[in-house]
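With chain E's structure known, arrange chain Y on it following the hints.
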Amino acid sequence: MKISDRLRRVSDGILEASIVMATETNKGILIRLGFSPSTIEQASESDMLIAIRAKDEASLVLATAKVDNLLESPAQLTTGDQEKASDIDAALRTMPGTNLVMLSIPGEHVKDISHKLIERGIHQLIFSDHVPVEDELEIKEMAAAKGVLILGPGAGTSIINGKGIGFSNAISTGPVGVVAAAGTGLQEVTSLLDQSGIGVKHGLGVGGNDPKDKIGGIMMLECMKILEKDDDIKVIAIVSKPPSPAVEQKIIDYAVSSGAKKYVLALIGGGSVGGSRKQVSNMIIRVNSLASSVLAVAKVLGDEHLHRALSRTYMQPEALVNLLQKEWGRLQSSQRFIRALYTGGTFTYEAQVILGEIMKDEPICSNAPIQRIKQLQDSFKSQEHSVIDLGEEEFTKGRPHPMIDPTIRKFRILEEAKDPEVGVLLLDFVLGYGANPDPVGAALDEIKQAKETAERNGRYMSIVAHVCGTKNDIQGYDQSIAKLGSAGCIVMPTNALAAVASAVVISRGKIDLTHPYSKYLELPHDWIEA
Amino acid sequence: MGEKSIDAAAMLSSELKVVNVGLEIFYHALKLQNIKVVDVNWNPPPKLEKDTQDLLDKML
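Line by line, the protein sequences give chains E and Y.
First residue of the first sequence? That's 1 in the numbering used here, and the numbers climb one at a time after it.
First residue of the second sequence? That's 1 in the numbering used here, and the numbers climb one at a time after it.
Chain E extracted, bound-state conformation (with noise of 0.2 Å):
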């Protein structure tokens, strides 16, 4: 993966550049990335292939002698502005004194390093997917009988006293504290925290799994106990998939009963315990998108706050619709189909959430399905409206995540462009430490390119984008919104209302906005109301 890495910043020329072992699902993916088949399949599992395109010969040639140099010279591949201890414990004794470890190494390896820190009193951050279940859950009853705080594993993303662990953005500090099982989730409703001017002193993500019966909610209930000891701390955003039922009751019953704090409970959806929105009581405010979220922590902390909040993150459903008008009107009657292409997996998530409802008539897929949407049958081959997260395993086996690495959402905007059924191509763009260095600018040229073969067919296609991100974020947030806007894209403030804009213009404004906005974004006088 780093030789790979290495290779794509060769050149501008270098357009992919994959060394991987060849399993079947990387010859799967390099044949879908448009290498030959009758080449591909003659290397059999103990075989490394070298796949390279590019532009041009010269870019070729420059490409082909980095493989040679960095395979016989693999020392060049660390980076040398840093040292490396040779094992954990020898990075201990370097830094006396530490208080967190950031694992992010193959799931199967977790369990046993983990015992080890734990028994040393070690916080962890584990990134690392895959871990076995019934792992995760030794490793997180071990934790907490030991007084050890886990977040994942499966956690891209945290924010402890400001600072960004893994995948995260650039926050300022302030009176709110988070606790996710959603990654990207966690970096929308802090980006847009910040943006609204109200900052994140906490964010702690503890996995995907950890609301699930299995795990029971162990970590999310002891960061709750956290959250709450913090004085500085004035409100709690519990942002989550829909947790089991169990889990759910115990999340409220700890803030109803021992929680000090406003809480806003946003569970993507909705939950399934007492009603699906609005006040559970006067502790807690129940929101069902991540948008929605924001407005509510905004509103606890005054209307001053929510003033911001709305003027950054909100939208009229007259203003979308007038905003929206000239897109529908440019497509085609055969153009019937949204083609949504995520990196995020909370976005995917909540876009299923959000068109499902939306578009309940309409047949929508995913290689990722929640309720009622249709398993697709080939990820790499969209069919009707698809929403794809292209950060699950089968595109991520061998190769970076898209966050990352956007090769392989490249590919697919061209490949999308060309299907004449297509009208709307929606995509999110994760700005932040650990990302990937300028993801609006990797996308733009196919994003030109899908719009000139629509074109040259006698089509329109609408990109509708939205970028997750803050000001400070090292890649440029008002650039990268700016370069999507040159590039005739329409960006949203958020992905709740990027994909309701998607089915907007699918639907040539004929949809009724009344039920999603007052679900998935909802003003804050129907909490008062309630």
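Since the hints were derived computationally from the structure, they do not count as laboratory data.
If you anchor each label on the Cβ, the simulated ranges turn out as follows:
1) Thr-23/E / Asn-34/Y: 37 to 47 Å
2) Asp-512/E / Ser-13/Y: 41 to 51 Å
3) Asp-89/E / Ala-9/Y: 22 to 32 Å
4) Glu-45/E / Asn-43/Y: 12 to 22 Å
Keep in mind the model is a prediction, meaning the values are calculated, not measured.
Note that the Cβ used here is the ideal one computed from N, Cα and C, for glycine as well.
Chain Y alone, transformed into the frame defined by chain E:
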């Protein structure tokens, strides 16, 4: 739930000192924020035959 309440207050309120095991991009992301971090040159343990592993587990 744990018998002991998690006391992460010390970590959350004091200077972060992180050991990074795995993806190098996370090391660089922490460095960019001036967080103290040590990167580990981690490699998966070599795979042993099951019989050998069982024997070693018993011995160690």
